[in-house]
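> Read off the chains here:
Protein chains: 2
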Amino acid sequence: MANKFDVLGIGNAIVDILTHVEDDLLQSLEIPKGSMRLVDELESDSIYKKLGQCIECSGGSAANTIAALASLGSKTSYIGKIKDDQLGAVFKHDITSIGTEFNTPPATSGPSTAHCLVLVSPDAERTMCTYLGACGQLNENDIDEDMVRASNIIYLDGYLWDPEPAKAAFRKAINIAKEAGNKVAFTLSDSFCVDRHRNEFLHLAKNDIDILFANEDEIKILYGTDDLDQAVKMAQSDCEIAAITCSAKGCIVTNKDNIIAVEGRTVPMVKDTTGAGDAFAAGFLHGISQGKSLAECGALGNLIASEVIAHLGARLDINLKSFVEENT
Amino acid sequence: MANKFDVLGIGNAIVDILTHVEDDLLQSLEIPKGSMRLVDELESDSIYKKLGQCIECSGGSAANTIAALASLGSKTSYIGKIKDDQLGAVFKHDITSIGTEFNTPPATSGPSTAHCLVLVSPDAERTMCTYLGACGQLNENDIDEDMVRASNIIYLDGYLWDPEPAKAAFRKAINIAKEAGNKVAFTLSDSFCVDRHRNEFLHLAKNDIDILFANEDEIKILYGTDDLDQAVKMAQSDCEIAAITCSAKGCIVTNKDNIIAVEGRTVPMVKDTTGAGDAFAAGFLHGISQGKSLAECGALGNLIASEVIAHLGARLDINLKSFVEENT
Numbered sequence: 374m375a376n377k378f379d380v381l382g383i384g385n386a387i388v389d390i391l392t393h394v395e396d397d398l399l400q401s402l403e404i405p406k407g408s409m410r411l412v413d414e415l416e417s418d419s420i421y422k423k424l425g426q427c428i429e430c431s432g433g434s435a436a437n438t439i440a441a442l443a444s445l446g447s448k449t450s451y452i453g454k455i456k457d458d459q460l461g462a463v464f465k466h467d468i469t470s471i472g473t474e475f476n477t478p479p480a481t482s483g484p485s486t487a488h489c490l491v492l493v494s495p496d497a498e499r500t501m502c503t504y505l506g507a508c509g510q511l512n513e514n515d516i517d518e519d520m521v522r523a524s525n526i527i528y529l530d531g532y533l534w535d536p537e538p539a540k541a542a543f544r545k546a547i548n549i550a551k552e553a554g555n556k557v558a559f560t561l562s563d564s565f566c567v568d569r570h571r572n573e574f575l576h577l578a579k580n581d582i583d584i585l586f587a588n589e590d591e592i593k594i595l596y597g598t599d600d601l602d603q604a605v606k607m608a609q610s611d612c613e614i615a616a617i618t619c620s621a622k623g624c625i626v627t628n629k630d631n632i633i634a635v636e637g638r639t640v641p642m643v644k645d646t647t648g649a650g651d652a653f654a655a656g657f658l659h660g661i662s663q664g665k666s667l668a669e670c671g672a673l674g675n676l677i678a679s680e681v682i683a684h685l686g687a688r689l690d691i692n693l694k695s696f697v698e699e700n701t
Numbered sequence: 374m375a376n377k378f379d380v381l382g383i384g385n386a387i388v389d390i391l392t393h394v395e396d397d398l399l400q401s402l403e404i405p406k407g408s409m410r411l412v413d414e415l416e417s418d419s420i421y422k423k424l425g426q427c428i429e430c431s432g433g434s435a436a437n438t439i440a441a442l443a444s445l446g447s448k449t450s451y452i453g454k455i456k457d458d459q460l461g462a463v464f465k466h467d468i469t470s471i472g473t474e475f476n477t478p479p480a481t482s483g484p485s486t487a488h489c490l491v492l493v494s495p496d497a498e499r500t501m502c503t504y505l506g507a508c509g510q511l512n513e514n515d516i517d518e519d520m521v522r523a524s525n526i527i528y529l530d531g532y533l534w535d536p537e538p539a540k541a542a543f544r545k546a547i548n549i550a551k552e553a554g555n556k557v558a559f560t561l562s563d564s565f566c567v568d569r570h571r572n573e574f575l576h577l578a579k580n581d582i583d584i585l586f587a588n589e590d591e592i593k594i595l596y597g598t599d600d601l602d603q604a605v606k607m608a609q610s611d612c613e614i615a616a617i618t619c620s621a622k623g624c625i626v627t628n629k630d631n632i633i634a635v636e637g638r639t640v641p642m643v644k645d646t647t648g649a650g651d652a653f654a655a656g657f658l659h660g661i662s663q664g665k666s667l668a669e670c671g672a673l674g675n676l677i678a679s680e681v682i683a684h685l686g687a688r689l690d691i692n693l694k695s696f697v698e699e700n701t
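If you're matching them up, the sequences are chains B and H in order.
Position 81 of the first sequence, counted from 1, bears residue number 454 in the numbering used here, the numbering being contiguous throughout.
Position 134 of the second sequence, counted from 1, bears residue number 507 in the numbering used here, the numbering being contiguous throughout.
Mixed in with the good hints, there may be bad ones.
One copy or two, it doesn't matter: identical chains are merged, so the pair holds either way.
Said to hold, decoys possible - Derived pair list, reagent style DSSO-like, types lysine-lysine, alpha-carbon separation capped at 27 Å: (1) Lys593 / Lys622; (2) Lys593 / Lys556; (3) Lys406 / Lys377; (4) Lys406 / Lys579; (5) Lys694 / Lys540; (6) Lys606 / Lys694; (7) Lys694 / Lys545; (8) Lys423 / Lys579; (9) Lys423 / Lys377; (10) Lys694 / Lys579; (11) Lys644 / Lys694; (12) Lys540 / Lys377; (13) Lys406 / Lys545.
Hints were generated in silico from the structure; no laboratory data involved.
If we strip away everything but chain B, and leave its shape as in the complex, we get (with noise of 0.2 Å):
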C-alpha cells in the first residue's frame, strides 16, 4: 500500500455552532434529542435567535474523522463543497493546518458555507441542526479523480447522501476507487439519516462498502430488525468489516471470519458525545492502515471516542499520535 494518502475522507464541509441548552429548550422545538436534522436558512436563524453563548469549531462527520486521523499520523485528503466566506476560511484553515490535502474548488456564489447547530443538553447528548448551504454545492466535478486513485481507503459519510448532487459524486468516487482496487469505508451517519436513505445504503452495503460503520441504532434500522446480534451478521456477510459502536459498552468489529466485541473505556466526566463516532472511525481506520488486527483496531477506536467526548466540541487540538503512544 504505497499510495500517497492513507484515507480520502469525502463529506459535507460544515463548521459547528456549539452551545449547552437545557432539555426544555429541545423540547420546545419539537427535535429530537440525539438526532441531527436539516434546516434552511430561516429555521436554523429562528433556533440560533434562541440560543446562548455559542463557541464556533469545524465540524463535518467525515472531516472530524479526517482531522483526527491526520493527528494520529495518517496521511489525508478530504473533498467537501465550502463558500469563499470567513467560515468556509475557518474550515480550510482548521483540516489543512494538520496536514491533509484539500482542493475543493470553494463556491464563489449561492448559499454560505454550511454550519451545525449543535446543542449539547445537560446529559452531554449532543443533538444537530445542520443548514447545508454551499455543501449542495458539491458535484462529480469536484472528485478529484488523482486523489481517489491515490488513497487506499475511501472514506463516506451518509450524510453527504442529502444534499442530491452529491450523491453523483458519491458514485463517481466510488467507481474510481473500486476500478483502483482502493477500499470503501462508509459510515451510516445517523438514525434518521438512515431511515430517509434505508434502500438506497442497503444496497450500497451488499454492493459497494468494504468497511462499514455504524451505531447500534443505525445498523438496526438499516437491517430493519431489533436483534443486534442479527443485523451485525447481516453487516458481516455484507461488508469486508464492519464496526458498530454501542456507546459505553464499546464496539462490536466483525470481518469474515470474527465478530469481536471490545469493551469500551472508562471516562470519569463526560462532556459532549459530538463527534463520538467520527472519532472512533478515525482511530479504527488509523489501526487499518497500520496494519493492526481487527480486535486492536476496535480498541484504537474506543480510545479516541473516549477521548473526544470528554471534551467540548467534535475535535481535539492535542496531538493524537502523542496520546495514543501514552494511552496504549
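Could you slot chain H onto chain B? The hints should help.
Relative to the frame of chain B, chain H by itself:
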C-alpha cells in the same frame, strides 16, 4: 440609580480565534508572551497559517466584561463596530443572546469584523495578535447619546485608544456621561497599550476616570514607578475607586478612604488566562451596581476571574448569577 442600564461597555468588537501553541512558536514569531500586539491583515494571515486547529468565540475586552455582567444579572448595553459579515453576526448573536442591548450599525463596506488570534501556551498564559478590521470605523456618530445617558456606569477599554477615530467617540461618551452625572470606568487593558498611550491615559485618570482597572504591571507603567504601593496610592489620589489585579494573589482595591487587599481564590487547574481581567471587572462592577462594599466588590471580581481562567476562552456559557449564589 433608576437608569435603564447598570453598565454600558464601549470597546473593540472582536471575535477570538483560540488555539494552543508551544513556546517555541511564540519565540519564532517574536511576540512577547502575555502581550497584545496589533497586526494588519497580512500579518494576521501569516500567523494564522502557522497555527493548528482553532476554535472561534466572541471576545473583545469590554464586550467580555459586558457579557459576564449580563450573565451576573446586571442590565447592560454595548457599543462597538462590527461589519455585516459572518463573524460580525457571531459577535452580535453572542452579546445580545444574554440580554445586552447592542445596536451599533455594522459597517457595510471596508475591512471585515475584527479578530484576535489568541495563542495559549502550556503555562496557560495567552498572547494575542489583534487585527482591528471594522473597529477602525467606530466614530462619534456611533455613540448613542440616549444610551450613554441611561447608563449608570460607562465602561471603556484602553484598547479602544488604538484605532484613531474611536478616540473621538470615546471622548464624546465621557463628556455625555459626566454631564448626566454618570460614572466613567476604564481599564488600562495591557502594559504595551499603556506604554503606547501613557500621557493620554494619565490625563484621563486625573480628569475623567471614576473607576480605574489595571493589573500590577499596567499601574506601575502608568505612574512610572516600580513601587506597587506608590502606584496604588497615586491611583487612589487620581480616581474615586481603583481596582488593581495581582494575578493569583487577588486584588488591591481603593476608594478615597481605604486601600484593601482582597485575597485571590485558589484555582485547582488554570487552563487559559484569556479574559481574566475582563471577568474581574465584571464581578467588581456588578458589586458596585449592587451597592456592595469595596472589599465585597473585590471578592466578587476575584471569584468571576477564577472561574474564567479554569476554562478555555474569555467567556463562560454558564449562568453566572446562579454560579455566584452557589459560591458565596
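> Taking the numbered hints from earlier one at a time, note which ones the structure violates and give those numbers from smallest to largest.
3, 4, 5, 6, 7, 8, 10 and 13
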